[in-house]
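Student: As they're listed, the protein sequences go chains A and B. Sequential numbering from 1 applies to the first sequence in this note's numbering. Sequential numbering from 1 applies to the second sequence in this note's numbering.
Hint data in this document are derived by calculation from the structure and do not stem from the laboratory. Where is the CB? At the ideal position from N, CA and C, for every residue including glycine. Where hints are given, some of them may not hold.
[As the list claims (entries may be wrong)] Listed next, with one range per pair, are the computed distances between beta-carbon atoms:
1) B:Ala85 / A:Glu82: 28 to 38 Å
2) B:Asp90 / A:Leu226: 49 to 59 Å
3) A:Ala106 / B:Val165: 48 to 58 Å
4) B:Ser152 / A:Gly422: 52 to 62 Å
5) A:Leu547 / B:Arg275: 36 to 46 Å
6) A:Gly152 / B:Ile284: 50 to 60 Å
7) B:Arg26 / A:Gln11: 10 to 20 Å
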Amino acid sequence: MTAKLETAMEQIEIATGVLVVGGGMTGVATALEVARQGYPVTLIEAGEKVGPAAESRPRTGLPDARRLQDMAARLAQTDGIEVLTATRLDAAAGVAGDFKVWLSTAEDVLERRVGAIVVATEFDTAPLYDGYGLTPGGAVIGQSELEQRLAGDPGSFSGKTVAFVAGFAQSGNPMVMQRIFHCVKALQDAGAAGVYVYVGDLKVADDGLEREYRTGRDRGAIYFKLKEAPAIAASGAQVVIGFHDPVVRQQIEVTADCLVVEESLGVGAQCADLAAILRIDIGPRGFLQSDNIYRFPVATNREGIFVAGASREVRSLPWALADARNAALQVAEVLGDGTRLVPRDKAVVDIGKCTFCLTCYRCCPHGAIYWLSENKPVISPVACQACGICASECPMDAIQIGGFTDDLIRGQIAAKLAQVNGDPAIVAFCCQNSALPAGEMAATFRMSVPAGLRTIQVPCAGKIDLQYILDAFVSGADGVLVMACHPGNCKSERGNTYASWRVEDAQRLIAGAGLEPERLRFATLAANMGTDFKAIVVDMDQKIRELGKSRLH
Amino acid sequence: MNSQTKKVMVIGGGIAGMTAAWELARAGVEVALVEKAAFLGGYSIQYACKATDQCQQCGACGVEKMLANVIGEPRIRVYLAAEAAAVAGDGPFTVTLRASGNQPEAIDAACGKGYEKDPAACAAARGYSIHNAVFYKADGGFDPRRVAAPESVEVDAVVVATGFVPFNPDEKPTYRYRQVANVVTGLDLERAKRVYGDVRRPSDGALPKKMAFIQCVGSRDERLGHLWCSQACCPYALRSALATRFKHPELDITVFYMDIQNTTNSFDTFYEQCRQSMRFVRTIPVDMYETEDGGVRTRFMAEEDGLPVEEIFDLVVLSVGIMPGNDNPALAEMLGIGLGAEGFFARPDLLNTSATVRNGLFVAGTAGGPMTISGSMASAGQSAAAVLQYLGRA
Ligand SMILES: Cc1cc2nc3c(=O)[nH]c(=O)nc-3n(C[C@H](O)[C@H](O)[C@H](O)COP(=O)(O)OP(=O)(O)OC[C@H]3O[C@@H](n4cnc5c(N)ncnc54)[C@H](O)[C@@H]3O)c2cc1C
Ligand code: SF4
Ligand code: SF4
Ligand code: SF4
Ligand code: SF4
Chain A
1 MTAKLETAME QIEIATGVLV VGGGMTGVAT ALEVARQGYP VTLIEAGEKV GPAAESRPRT
61 GLPDARRLQD MAARLAQTDG IEVLTATRLD AAAGVAGDFK VWLSTAEDVL ERRVGAIVVA
121 TEFDTAPLYD GYGLTPGGAV IGQSELEQRL AGDPGSFSGK TVAFVAGFAQ SGNPMVMQRI
181 FHCVKALQDA GAAGVYVYVG DLKVADDGLE REYRTGRDRG AIYFKLKEAP AIAASGAQVV
241 IGFHDPVVRQ QIEVTADCLV VEESLGVGAQ CADLAAILRI DIGPRGFLQS DNIYRFPVAT
301 NREGIFVAGA SREVRSLPWA LADARNAALQ VAEVLGDGTR LVPRDKAVVD IGKCTFCLTC
361 YRCCPHGAIY WLSENKPVIS PVACQACGIC ASECPMDAIQ IGGFTDDLIR GQIAAKLAQV
421 NGDPAIVAFC CQNSALPAGE MAATFRMSVP AGLRTIQVPC AGKIDLQYIL DAFVSGADGV
481 LVMACHPGNC KSERGNTYAS WRVEDAQRLI AGAGLEPERL RFATLAANMG TDFKAIVVDM
541 DQKIRELGKS RLH
Chain B
1 MNSQTKKVMV IGGGIAGMTA AWELARAGVE VALVEKAAFL GGYSIQYACK ATDQCQQCGA
61 CGVEKMLANV IGEPRIRVYL AAEAAAVAGD GPFTVTLRAS GNQPEAIDAA CGKGYEKDPA
121 ACAAARGYSI HNAVFYKADG GFDPRRVAAP ESVEVDAVVV ATGFVPFNPD EKPTYRYRQV
181 ANVVTGLDLE RAKRVYGDVR RPSDGALPKK MAFIQCVGSR DERLGHLWCS QACCPYALRS
241 ALATRFKHPE LDITVFYMDI QNTTNSFDTF YEQCRQSMRF VRTIPVDMYE TEDGGVRTRF
301 MAEEDGLPVE EIFDLVVLSV GIMPGNDNPA LAEMLGIGLG AEGFFARPDL LNTSATVRNG
361 LFVAGTAGGP MTISGSMASA GQSAAAVLQY LGRA
């Protein structure tokens, strides 16, 4: 077995340094975790300070802020951690195991070689005065200011009426609610006369929040859930809040001494630049992770680049610290002991055929292809996910994927169609991440699938060449199915999209050859849905029976 | 330190336990994965895909993938139908396992006449997933090459990933679950969609025309003393409703709710899509009765004027929440790790929520509190990292 491995595998040297971008608590925790595993870390922070000072999350109510400071202080005491403040990532090149990064400090541009990168930036946060048509000052203050005042002189709220408004200028979220609940408690402890909270939905989907909400309410805080923001007007040193109460169904006015405006929790300003520099996909609302279950919890589309905490989602500090540990775990997985065994033939470019058109470099969803100075595309066996998208897109057919070479797949098509029976011959190209397991499930569970079905495994639907589809029809298929993951569920992000385009192209071609385009169909399904697999193939079988045998035979 | 000698037990083989086991095994640790049921995957291996023309990121198919990882990982020794009976020592720990009494059904008995004759039985007999099929012999017993028999195991650390139980609606008798055929739980709906491939009314197998989802069933309920949001039921109910509506555009769907919780970063667009295709009523229905033709007469307070109204739905789905596991008190006692106020395992350290009150014992997933599949995976990764730190090897 080892002998065989030696011929197919090659050992790659991996740079074991790690770059952590962001010096809030997520970044600090990631750096400590990574360093504990023995990898040298460079932590960069755009601001002047790291630790709680760079943290954008609300810290009210956390067990003790001292522990966060202690954690940050451990950075300096830990061997192998280099902390650079007032430093930004300027540029990056290379692939997992071998990145080169350029860091601009106040004086200098530094260069480092690292094997992995973790982005752990913080939120951008600011009071949403504009969103509520308010100007700060007088009775109108932001959430942070309230927290500072409560920490400094809680007694000043004794006998006062305080109102909060949240969830209208931005959609609600549990972190904003948690901050409000903590302040409600502090105000009640300080002897406030009244506490009112105006929200859209009560977002309580995080640990302990429902209980905190109920406790505050039981102590007299009044919550109004409204469909739109209340009308707020200054009146001397106070504010008057007018709204329609949906419970008593009446217009109501409340006068408060203090109106507290929620703060935004937006993606960090540097994130767009970081995404461009690191060539990672941006997800909804600008966060650095696409909505894709393959990225759970901290992965990006690129091997060796991870995202933790506020760079990827709006969640509380305990979850961000969980991310830090996950990121460190995944970093260790990539870096190992500084060497890695990889298959030699994962994806191989035949330089003799290559015309240096850059197509593969552009279409690789995992950023696994780089360009050498001698004008030559190189595929990193560490970063490559062997999806085969580049192989199918290359205009020169210059790329082959190990285990899924054109010869192997085309040979399989011919062999499977050589066995003829009376049933309509249907070739189903099945993505191994979705349709293949779903099809195996249908078989194992003894669902009745058509007897003429022949499945061909592909690493990703993006590997399905136009030529394979035509081959299948020429070799005797009466129908061809291309089965991929649902849009948004492709491990390689766009493999299913490429496949659907190729099916459209092929439909035009077969129509030109006089075949009914319905003989070729594109379908999407999930790995856990054997019943969907069955429904698709049965439907296809019926369609082909209606159409009869292919006129190519 | 010699990593080969380190061994960890993971109790519970749901998505959290499988993720923890896999991450530990990848890091070189030997893992004993102990599951009480006759299959791996817990509840989430039984859920249906909720894609419309787009994947809705429910995470269900990711559980299949994790199960595939686990069965392909030689460092994980799988014990099925087993549970911990006693724990001795203070790290290392000696854990004595015993049979839980669950056994797989013989495939021929359950499924001899083909899947279509009895889909639910066929799916259950194979543990809901092709990947579980490797554990069984054709005659229904466990394959001894893949499933270890209960024994006494010495381990350096233990991860508790025993999960949750869905709320039992019998505790809310006015919903008449089990008495009215077409009142089902979210779990019933998920299972049915998974094994039949579509929504159907239990009474007659027909496609419903008018459906209702009732949120917060068993959660956020002062009377029951359940002062927590289950976090997963807004996401699962809305995704399931949207997917069903996508498949059957003529279907009329009402969602009764208190507050809608977020899904992912794309929540705003997702929720807007939901609002355009279904009706949202901010009230929780009071009670239900069966009509002669199997309809569910549902009484609630109208949002506009607060007056009671009745409406008949032909399928009502109770969005049951995440409750602490039945074994929690006994396990907490046996393992010497406390329970928190809500009955989940206590996680005393906010800065490391995988730690329990005892060294060497860790918690992962919904055993520690309500969370989604993605949350459970993050929690399990955190636990695996904490275990590695504890083992002093990392
Ligand atoms: C109806 C419903 C639908 C849902 N849909 C979604 C969804 O679409 N997306 C999503 O993200 N989340 C969803 N959730 C939440 C999801 O189910 C949980 O997040 C997830 O299952 C938690 O995984 P777990 O491993 O912690 O627990 P479990 O799935 O409960 O797994 C725990 C495992 O431990 C075993 N076990 C228990 N006690 C013992 C013991 N003493 N010894 C040994 N083994 C033991 C159990 O048999 C079980 O296999 C849904 C929840 C419900 C109720
Ligand atoms: S797509 Fe093909 S021809 Fe173009 S650069 Fe890549 S390997 Fe060369
Ligand atoms: S096979 Fe896929 S991941 Fe690998 S280089 Fe080609 S496109 Fe990139
Ligand atoms: S909706 Fe859920 S099961 Fe379906 S593809 Fe998306 S994540 Fe997978
Ligand atoms: S997630 Fe939604 S349905 Fe579930 S308890 Fe929370 S608010 Fe209620």
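Student: Could you work out which earlier hints the structure fails to respect and list their numbers in ascending sequence?
Tutor: Of the numbered hints given earlier, those the structure breaks are 1, 6, listed in rising order.
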